[in-house]
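> Sequence:
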Amino acid sequence: MARHLITSAIPYINGIKHLGNLVGSQLPADLYARYLRGRGHEVLFLCATDEHGTPAELAAAKAGQPVADYCAAMHDVQADIAQRFGLSFDHFGRSSSPQNHRLTQYFAGRLNDQGLIREVTEDQVYSVTDARFLPDRYIEGTCPNCGFTDARGDQCDNCTKQLDPTDLIDPRSTISGATDLEVRTTKHLYLEQSRLKGQLADWIDSKTDWPILTTSIAKKWLNDGDGLQDRGITRDLDWGIPVRDGDADWPGMEGKVFYVWFDAPIEYIACAQEWVDAGKGANWESWWRTDKGAADVRYTQFMGKDNVPFHTLSFPATIMGADDGWKLVDYIKSFNYLNYDGGQFSTSRGRGVFMDQALEILPSDTWRWWLLSHAPETSDAEFTWTAFVQDVNKDLADVLGNFVSRITKFCRSKFGDAVPAGGTEGPAEAALIADLTARVAAYAAHMDAIEVRKAAAELRAIWVAGNEYLQSTAPWTTFKTDPDAAAVQVRMGLNLIRLYGVLSAPFIPDASAAMLDAVGATDAGWPDDVAAALHALPAGHAFTVPDNLFTKITDDQRDDWAARFAGVRT
RNA sequence: GGCGCGGUAGCUCAGUUGGUUAGAGCGAUCGACUCAUAAUCGAUAGGUCGGGAGUUCAAGUCUCCCCCACGCCA
1 MARHLITSAI PYINGIKHLG NLVGSQLPAD LYARYLRGRG HEVLFLCATD
51 EHGTPAELAA AKAGQPVADY CAAMHDVQAD IAQRFGLSFD HFGRSSSPQN
101 HRLTQYFAGR LNDQGLIREV TEDQVYSVTD ARFLPDRYIE GTCPNCGFTD
151 ARGDQCDNCT KQLDPTDLID PRSTISGATD LEVRTTKHLY LEQSRLKGQL
201 ADWIDSKTDW PILTTSIAKK WLNDGDGLQD RGITRDLDWG IPVRDGDADW
251 PGMEGKVFYV WFDAPIEYIA CAQEWVDAGK GANWESWWRT DKGAADVRYT
301 QFMGKDNVPF HTLSFPATIM GADDGWKLVD YIKSFNYLNY DGGQFSTSRG
351 RGVFMDQALE ILPSDTWRWW LLSHAPETSD AEFTWTAFVQ DVNKDLADVL
401 GNFVSRITKF CRSKFGDAVP AGGTEGPAEA ALIADLTARV AAYAAHMDAI
451 EVRKAAAELR AIWVAGNEYL QSTAPWTTFK TDPDAAAVQV RMGLNLIRLY
501 GVLSAPFIPD ASAAMLDAVG ATDAGWPDDV AAALHALPAG HAFTVPDNLF
551 TKITDDQRDD WAARFAGVRT
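Using UniProt numbering, read the first sequence as starting at 1 and increasing by one per residue.
Simulated from the structure, these hints should not be mistaken for laboratory data. Careful: at least some of the hints might be erroneous.
Said to hold, decoys possible - Using C-beta positions, here's what the derived DEER-type ranges look like:
1) D209 x G115: 54 to 60 Å
2) Q229 x A531: 54 to 60 Å
3) G115 x K62: 39 to 45 Å
4) G426 x D529: 17 to 23 Å
5) L328 x R137: 39 to 45 Å
6) D555 x P427: 22 to 28 Å
7) D560 x T522: 24 to 30 Å
8) R564 x R102: 55 to 61 Å
9) A513 x R102: 37 to 43 Å
Said to hold, decoys possible - Straight-line C-alpha distance at most 30 Å; calculated DSSO-like pairs for lysine-lysine:
10) K207 x K187
11) K414 x K220
12) K17 x K394
13) K292 x K220
14) K552 x K17
15) K292 x K197
16) K409 x K480
17) K280 x K292
18) K414 x K552
19) K187 x K197
20) K219 x K207
21) K17 x K62
22) K305 x K454
23) K197 x K219
24) K305 x K197
25) K414 x K394
26) K17 x K187
27) K480 x K414
28) K220 x K409
As the structure is a prediction and not an experimental result, all values here were calculated from the model. For glycine and all other residues, C-beta sits at the position ideal for the given N, C-alpha and C.
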C-alpha cells in the first residue's frame with residue numbers, strides 16, 4: 001500500500017465551471033483518486049475554491065454582495081455541484097481560509113528570510129473614480145501602434161503589439177468607464193525566482209516521465225526571451241491575504257495583499273490543514289512535510305494547460321525557496337482544452353454546457369464517462385452533441401447497460417432470482433478468464449500511468465468481452481438441450497456484472513454501485529486474481545434485476561439540448 | 001511576430017527507440033442470433049498518414065522548407 005496525495009487545480013470562485021474546466025482537472029483527478037482507493041492505497045484528494053483577486057471583487061459587486069459573503073455562497077454552490085458530480089474530495093477547501101492566510105504569510109516570511117524577496121517601486125495606473133489600482137487588462141484605450149480604439153492595457157487585440165498601460169491613448173477603466181486615470185507610484189514584493197532557475201531547470205529535466213505538454217510549457221517559460229522572470233507577489237487590493245512577514249508586520253506594505261497566484265497553490269497545503277481542522281483526518285504534515293512523514297508520499301497534480309507555468313515554476317520556486325522540507329510534486333498531469341461544437345466553451349458568453357446544467361439533463365455518470373473517454377490528453381478535443389449521444393448510447397446503454405439487463409432477466413426467467421448451480425466449465429470459460437486477465441492488467445497499467453482515454457477504451461473492451469462470451473456460448477440455446485451448461489454460462493454472466501461493478505467504479509461510480517447492489521456483492525476488492533473474482537458469487541447467491549442502468553438519449557432530446565446550449569446562457 | 005501542441009479512414013482518436021500487407025471505436029453495408037434497453041455478435045468496405053524535398057536497405061515515425069488549425073506570449 002502506498003500513500004498518494006492528489007490535488008486538482010482549484011476552480012476560480014466567480015461562477016459555475018463548464019465541462020471543459022471539469023475534464024481538465026477535477027474529473028481526471030477524481031478518476032485517479034477513486035482508482036487508487038479501489039486498489040487499497042491510502043489517498044488524500046484535495047481541492048478548493050480560488051477566491052481572491054479582482055474578478056471575485058467585481059463579481060461580488062455585480063451581485064450586490066460583500067465579497068466575503070459572495071465567496072462563501074459561491075463556495076457552497078460549487079461544493080454542492082462537485083458532490084453531485086461524484087467528485088470524491090477528502091476536503092473541498094477555500095483559499096480564503098484562516099489556515100491559508102497563516103500559511104501564505106509564513107511562506108512569504110520564510111522566502112524573505114532566505115533573501116528571495118525584493119521590494120520594487122513601480123508606477124501603476126490608478127482610477128480615482130473606482131478608487132483602486134487597475135490591473136492591465138482592466139484598462140482599455142486607443143492603441144498607439146495601430147489606432148485600434150479597444151486595445152487592452154497588456155496587448156492590442158487588433159495588431160497584437162504588447163503594450164504597457166501607460167502607452168494607451170485616452171485610457172479608460174473597463175470597470176466603470178472612468179477616464180480620470182492617473183499614474184501613481186506603489187511598492188510591491190517580487191519573488192526572485194530567476195535565482196532559482198538552475199534548480200528549477202534541473203528538477204524539470206529530471207522529470208522524464210512527465211507529459212510532453214507539461215515539460216514543454218515549463219521549459220518554454222524557463223528559457224524564452226530573458227529566461228524566468230521574477231514575479232510580483234503582491235497587489236493593491238482589499239480582498240486577499242494581507243501582506244505580512246510571517247507573524248510580523250511588513251513595513252511599507254500596509255493595506256496590500258498577496259497576489260492570488262501566490263496564495264492559490266499554497267492552499268493545496270492549507271487545505272490539508274482544513275481537512276484536519278474539519279475533523280476528517282489527522283496529521284496533515286505527514287502528507288506535506290518530507291521531514292515529518294511525507295517522504296513516502298507520491299504527489300500528483302491535475303490541471304489544464306493554462307495552469308502549467310504556475311505549477312511547474314512559480315509554486316515549486318516557493319517550495320524550493322522556502323527550503324524547509326515541503327513536498328514537491330512528483331507528477332503533473334496536464335490537459336488540453338475541450339472545445340464545444342467547433343468553438344471554445346465560453347464562460348462569459350455562456351457557450352457550452354455548465355456543470356449545473358449538465359446535471360439537470362443527464363446523470364453524472366453519463367457525463368463522466370464521455371468526458372473521461374474523450375479527455376483532451378494529446379491535443380484539444382471536440383464535444384459535439386451528435387458524437388456525445390452516439391457514444392454514450394452505445395457504450396453505456398447498449399454495451400454495458402444491456403449486458404446487465406440481458407443476463408439478469410434471462411436468469412430470472414429460466415433459473416429464478418439466484419445464481420444457478422450445476423454444470424462444469426469448459427474452454428469458453430477458460431478463454432474468457434484468460435482474455436479478461438490480460439485486459440484487467442492492461443486497464444490497471446493505463447490507470448497507473450494516468451492514460452485516461454486508453455484506460456476507458458480498455459474498460460469498454462472488458463464490457464464487450466462479456467457480450468462476446470454470451471453471444472458465442474448462447475445460454476438461451478444451450479438451455480433447451482443442456483440446462484447445466486446454461487447454468488455455467490449464466491453464473492459466469494452474473495459474476496461478470498460484479499467484476500464490471502468493481503472495475504468501472506472510477507469512471508461511473510453510481511452505475512457501479514447499482515451493479516454491485518443488484519448482484520448483492522459484499523466484496524468490491526480489486527480483482528488481482530480474475531479467475532477467483534469470476535467465481536465470487538456462488539451458486540444460490542441471490543440477486544435482483546436492476547432498473548436499466550442507462551436510459552438511451554433520443555434524437556429529440558439531442559436536438560433540444562443542442563439548441564438550448566448554443567447561445568447565451570439565460 | 002515569437003514560441004508551443006497538433007494536422008493519420010466520413011467522425012473521434014491509437015500508432016513505443018524508423019522495420020513485414022498503417023490500427024481501434026463510432027458511423028455505413030452485409031450476415032448471424034433472438035436472452036436483452038430494435039440491444040448483441042461477426043464480416044466487409046473506406047486512408048498517396050497536410051504538401052514538397054532530403055537522409056536511409058527501409059519514414060506516419062528522423063532533417064529542412066511550406067500550408068492549415070488551435071493555443072500561449074508573465
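> State for each hint whether it applies.
Hints, verified against the model:
The given range of 54 to 60 Å is broken by D209 and G115, whose C-beta atoms sit roughly 33 Å from each other. Judged by the Cβ atoms, the range 54 to 60 Å given for Q229 and A531 holds: they are separated by roughly 58 Å. Between G115 and K62 the beta carbon distance is about 42 Å. The supplied range of 39 to 45 Å therefore holds. Between G426 and D529 the C-beta distance comes to about 20 Å, which sits within the given range of 17 to 23 Å.
With their beta carbons about 31 Å apart, L328 and R137 fall outside the hinted range of 39 to 45 Å. Hint check: D555 to P427, Cβ distance near 43 Å, so the stated range 22 to 28 Å is violated. Between D560 and T522 the CB atoms are about 42 Å apart, so this pair departs from the stated range of 24 to 30 Å. At roughly 45 Å, the beta-carbon separation of R564 and R102 lies outside the given 55 to 61 Å, and the hint is violated.
The hint said 37 to 43 Å for the Cβ distance between A513 and R102, and at roughly 39 Å that hint holds. Straight-line distance between C-alpha atoms of K207 and K187 comes to about 37 Å, which puts the hinted pair past the 30 Å bound. At roughly 65 Å between alpha-carbon atoms, K414 and K220 are farther apart than 30 Å, so this suggested pair is violated. Annotation: proposed proximity of K17 to K394 holds, straight-line Cα distance about 27 Å (limit 30 Å).
Between K292 and K220 the CA atoms are separated by roughly 34 Å; this puts the pair beyond 30 Å, and the hint is violated. Simply put, K552 and K17 have alpha-carbon atoms about 26 Å apart, close enough for the 30 Å limit, and the pair holds. Pair hint K292 plus K197 holds up; C-alpha atoms about 27 Å apart against a cutoff of 30 Å. A C-alpha spacing of about 17 Å is found between K409 and K480, which places the hinted pair at or below 30 Å, so the restraint holds.
Our distance criterion of 30 Å between C-alpha atoms is met by K280 and K292, whose separation comes to about 19 Å. Restraint check: the Cα-Cα separation between K414 and K552 comes to about 27 Å, which is no more than 30 Å; the hinted pair holds. Taking the CA atoms of K187 and K197, the gap is about 25 Å. The hint holds against a cut of 30 Å. Distance hint between K219 and K207 is fulfilled; the C-alpha atoms sit about 12 Å from each other, no more than 30 Å.
The suggested pairing of K17 with K62 holds, with an alpha-carbon distance near 18 Å, which does not exceed 30 Å. Taking the CA atoms of K305 and K454, the gap is about 20 Å. The hint holds against a cut of 30 Å. For the proposed pair K197 and K219, the alpha carbon gap of about 11 Å is at most 30 Å, so the pair holds. For the hint pairing K305 with K197, the CA-to-CA distance comes to about 21 Å; that is within 30 Å, so the pair holds.
With a C-alpha separation of about 27 Å, the suggested pair K414 and K394 falls inside the 30 Å cut-off, and the hint holds. About 35 Å separates the Cα atoms of K17 and K187, which puts this hinted pair outside 30 Å; it is violated. As the CA atoms of K480 and K414 are separated by approximately 10 Å, the hinted pair is consistent with the 30 Å bound. Of the supplied pair hints, the one linking K220 and K409 is violated, its CA atoms being roughly 58 Å apart against a limit of 30 Å.
Violated hints for the displayed structure, listed by number in ascending order: 1, 5, 6, 7, 8, 10, 11, 13, 26 and 28.
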